[in-house]
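*Asks:* Spelled out from the first residue to the last, the chains are:
Number of protein chains: 2
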Amino acid sequence: MKIAVCQFNPIIGDLKGNTGKILSGYMRAVNDGAELVVFSELFLCGYPPLDLVEKKEFRNAVRNAATDIASQTNHVGLIFGTITEDYEDKIGTGVYNSAVLCYDGKIQFIQNKSLIPNYDVFDEVRYFESAKDVFIHEFKGEKLGISICEDIWNDADYWKHRRYTIDPVQKLVDNGATLLINISASPYAYGKRKEKFEMLSVLTRNDKSPLVYVCAVGAQTELIFDGGSMCLNSSGKLDLLGKAFEEDYFIYDSKKKYDEIKKIESSFEEEVLNALVLGLKDYAGKTGFKKALVGLSGGIDSAVVAFIAVKALGAKNVHVVMMPSKYSSHGSVKDSGKLIEELGISSENISIQPVVDKTLEMLKDSFRGLDENITEENLQSRVRGLYLMALSNKHGYLLCTTGNKSEIATGYATLYGDMCGALAVIGDVYKTQIYKIAEFINRDKEIIPIEIIKKAPSAELRPNQTDQDSLPEYELLDKILRMYLEEQKEFEEISASIGNKEIVQKVLRLVDLNEFKRKQAAPVLRVSTKAFGYGRRFPIVQGWRK
Amino acid sequence: MKIAVCQFNPIIGDLKGNTGKILSGYMRAVNDGAELVVFSELFLCGYPPLDLVEKKEFRNAVRNAATDIASQTNHVGLIFGTITEDYEDKIGTGVYNSAVLCYDGKIQFIQNKSLIPNYDVFDEVRYFESAKDVFIHEFKGEKLGISICEDIWNDADYWKHRRYTIDPVQKLVDNGATLLINISASPYAYGKRKEKFEMLSVLTRNDKSPLVYVCAVGAQTELIFDGGSMCLNSSGKLDLLGKAFEEDYFIYDSKKKYDEIKKIESSFEEEVLNALVLGLKDYAGKTGFKKALVGLSGGIDSAVVAFIAVKALGAKNVHVVMMPSKYSSHGSVKDSGKLIEELGISSENISIQPVVDKTLEMLKDSFRGLDENITEENLQSRVRGLYLMALSNKHGYLLCTTGNKSEIATGYATLYGDMCGALAVIGDVYKTQIYKIAEFINRDKEIIPIEIIKKAPSAELRPNQTDQDSLPEYELLDKILRMYLEEQKEFEEISASIGNKEIVQKVLRLVDLNEFKRKQAAPVLRVSTKAFGYGRRFPIVQGWRK
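The listed protein sequences correspond, in order, to chains Z and H.
Residues 1 to 546 (the numbering used here) make up the first sequence, in order.
Residues 1 to 546 (the numbering used here) make up the second sequence, in order.
Any given hint could be a false lead.
Identical copies go unnamed one by one, so any copy, or any two together, can satisfy a pair.
Stated by the list, open to error - Derived DSSO-like pairs: lysine-lysine, alpha-carbon spacing no greater than 27 angstroms straight-line:
#1 K517 - K546
#2 K21 - K311
#3 K243 - K256
#4 K364 - K394
#5 K326 - K21
#6 K257 - K140
#7 K55 - K489
#8 K192 - K90
Since the hints were derived computationally from the structure, they do not count as laboratory data.
All chains should be built: construct the whole structure from the sequences, respecting the hints.
*Replies:* And the structure:
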């Protein structure tokens, strides 16, 4: 069968725009001789629609859009993800995450999702009920076994620990499916595309069935969908692979021989950089921002964010501001100047010192007799936030937050100061990873000045300050954080691995104590298996200590 | 049977403290001749523990604490809520939200929760599996039917629309339970205590079984648990009612006759005021803050918040700051002065004007040729935020955010400005409700100056500004918001009710567009059935419009 894979980028809730993408993709595929055209999970409403699903007007509009799309089909099949409802079901929500198959002017078949993920960033049990059963649909000589995303993530041959007792895809195979289709919207994390391929390879090989796996692409606030749709043959080999981090369209012929594709993923640096560029580009594009603003400190984080902004929006749409204080090193401004020139972006330089001094003057009665402390440091950062927000408000810039994951984890950031902004572009990237990305950016040419990469990290909020006055060396810190966050290891295991209980205790305590800051943080673009944001939920007020 | 109801206030994760509360309550009840002592849902670990449940070290510590508590029991029964695990279960989490019954030194019986709520603020499917079955446990001549919270919320006689297909409490009754026990942690919303009583009255009356319903009390960040434990006899009448918004302890004799209690709830104003006082008190107490700071604008919101802070922490622990600008009316400072005197709190007055002027001077090149707009208004609010945070940092004050629900809903608030703070004390209370609460505060004596109540609401960020320059009259606005948020009505229905499509469209659009601000807002104390925060989840980037 000739199947058109439509790996497109929807906007959540934009039914008109998404309908247009489905119809134009379908028409193109019909012209190209496809027999079946497939879009990703919940494409019609965008994924994840969150509490929009609870709105009846929204669900009705989705239903009408789906009916309208179906009415425009001919004999060529069209599968897309949408919300459906069982109006007869009087217990529970009666709402399903479904794949609908349309042809000859009607929705001919609906397969609801069986496995409803409810972990990490997934809250689907909040909205959707499980399919009561799965069914084969015969179409143009094939027995189609259609499933939705998580349905394919419970293969007994692949997983040591399974989340669910049932395996809907196995059931489709047992019922004689000759062609498996899975429509998916699986948020990106580095390493996951390779894992997905390995899982699907085991499944197709063991079940002796080809699989067309159609993935979402595009960023939806913090979640990035990386595309990389896959067509596997019944030997578990990869025949076709969709582009990563961009829209793609291609036709797969399940009867044809293909050369095996072996390269599934690029390097960490390249992948993550592309992911973040897409994340920022889509946040801006989907909210209508044309221009971005970055506060340039002279450090590596803001330099990398400025580079990402240029890739996402173009050099002419990126503006940076340097905001030195009396503690800023001469190098910081000079190095920033080199970067600005290299990137070809506009800039300005506004000292924070007069406003900091004026503020301290106004507060002097209140502060009388008290030593300088973190207050004065935070104040500098907050005056920078004040400037950045004023520039953003006045000129309509999207303000990019420049904090990295190591800082956000340990609370080494000022609430309402450097934490200001619409989107934390590198908030899921550790400091040590930022260095690697900077080196990757410089692989052919020095774009990020070497002085910025080489200098000791410093917030420059007091004389001769460095990050390591407050934090362990980043190599060690990030190692501990990665074990604690992504690998979900805990105190005893991390301590045994690091060989230093005090330092592990200190780091874990910093992470736990700073939930209150993260509650008020900008959304973080997710590129790891555990990002800060709604995939990680801890009480702000709590007493658990190890 | 004589049952001691222990309506106590746990701290999430504080296993040592919560263990102490269980043991001291148990000892007291043993001395008082109780035969069974009951604590609320997940009391040992605190509710909701959120992702702490995913930590193995945490679960192990909880298990050890439970075993330790059980080892200290004699023949008197002890029931408390805790996490248990099925280590043999290889599929899914194998983790349960359980009631354990201990006596004679051991855990003798475990009943797992059957109905796992996953809507609004509840994410329990993320952590807990459903009980495989429910069982009666015979103890001291009674057949105990033990259930946990949501288990009792699916009664077919009471609910028109049920969430779940099974009814575990009915099954316990069918299996011959002579005494029902439900341990609960059900977040407060005004009106819910009465609803709970009505539901439980139908259930006990129809099932002809008495019920001891033990509720959590205390605030856990944004969620407030109001206590109000209930003992109902087999005629569905209320025999005993626990105190609202404070810890309580009493013994219920299921064989004894009691006078029927008819008053379940106080007025809206009294209830909500008490809820907010508890919310702020527990946030401060459980995080170690002794003193609170409120920015006093001369308006009603900050006046009511200052009053709540005084009730929560005592007048000597509340400090307020007035931060006038050139747009502040003389009345604002004068009225604030009256309030400060009435409340007996400390205060200071620091003009923002010199810092605002200095900032505008620094930004003048960047702003050249552009008209004054919202930027300059936000800037004033942000300089106030700068002052408030500096005072909070320097003196260790808990900064109370003063925005009300009408403002947070419509985005009539400045991010990093008046939205600064650790806790949005009145963020779930509409402006029109704030007036009612102010009148209630003044019921015996004018505490909040009448001038503050009478003046037209204004942000005072430009000359002669009032809130109604940007928003509909609050009576109308709040009516629309209540329909949209709490009643979950949508555009067509609200428009039909209001009779003005444009105004409804404008308000709904403001609500939808301001998700980005609420993402970065302080936690909001929840007192309604739908508060901003994690019980309401909308995409920040989305295109749904009606």
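*Asks:* Under a CA distance limit of 27 angstroms, which applies to K364 and K394: within one copy, between copies, both, or neither?
*Replies:* Intra 31 angstroms, inter 11 angstroms, cutoff 27 angstroms: inter-copy only.
*Asks:* Cα distance capped at 27 angstroms. Does K257 pair with K140 within a copy, between copies, both, or neither?
*Replies:* within (20 angstroms within a copy, 75 angstroms between copies)
*Asks:* Quick one: K326 to K21, C-alpha cut-off 27 angstroms, is that within a copy, between copies, both, or neither?
*Replies:* So K326 and K21 fail the 27 angstroms test inside a copy (53 angstroms) and across (53 angstroms) alike.
*Asks:* My question is about K192 and K90: at a cut-off of 27 angstroms on alpha-carbon distance, are they close within one copy, between copies, both, or neither?
*Replies:* between (39 angstroms within a copy, 24 angstroms between copies)
*Asks:* From the Cα coordinates, with 27 angstroms as the cut-off, is the pair K55 and K489 best called within, between, both, or neither?
*Replies:* Result: close only across copies, 8 angstroms inter versus 39 angstroms intra.
*Asks:* Give the relationship of K243 and K256 under a CA distance limit of 27 angstroms: within one copy only, between copies only, both, or neither.
*Replies:* For K243 and K256, only the intra-copy Cα distance (20 angstroms) is at most 27 angstroms; the inter-copy one is 74 angstroms.
*Asks:* With 27 angstroms as the alpha-carbon cut-off, assign the pair K21 and K311 to within, between, both or neither.
*Replies:* within (25 angstroms within a copy, 57 angstroms between copies)
*Asks:* Can you give me the call for K517 and K546, within, between, both or neither, at a CA distance of at most 27 angstroms?
*Replies:* within (21 angstroms within a copy, 34 angstroms between copies)
In terms of the numbered hints stated before, the structure departs from hint 5 and from no other.
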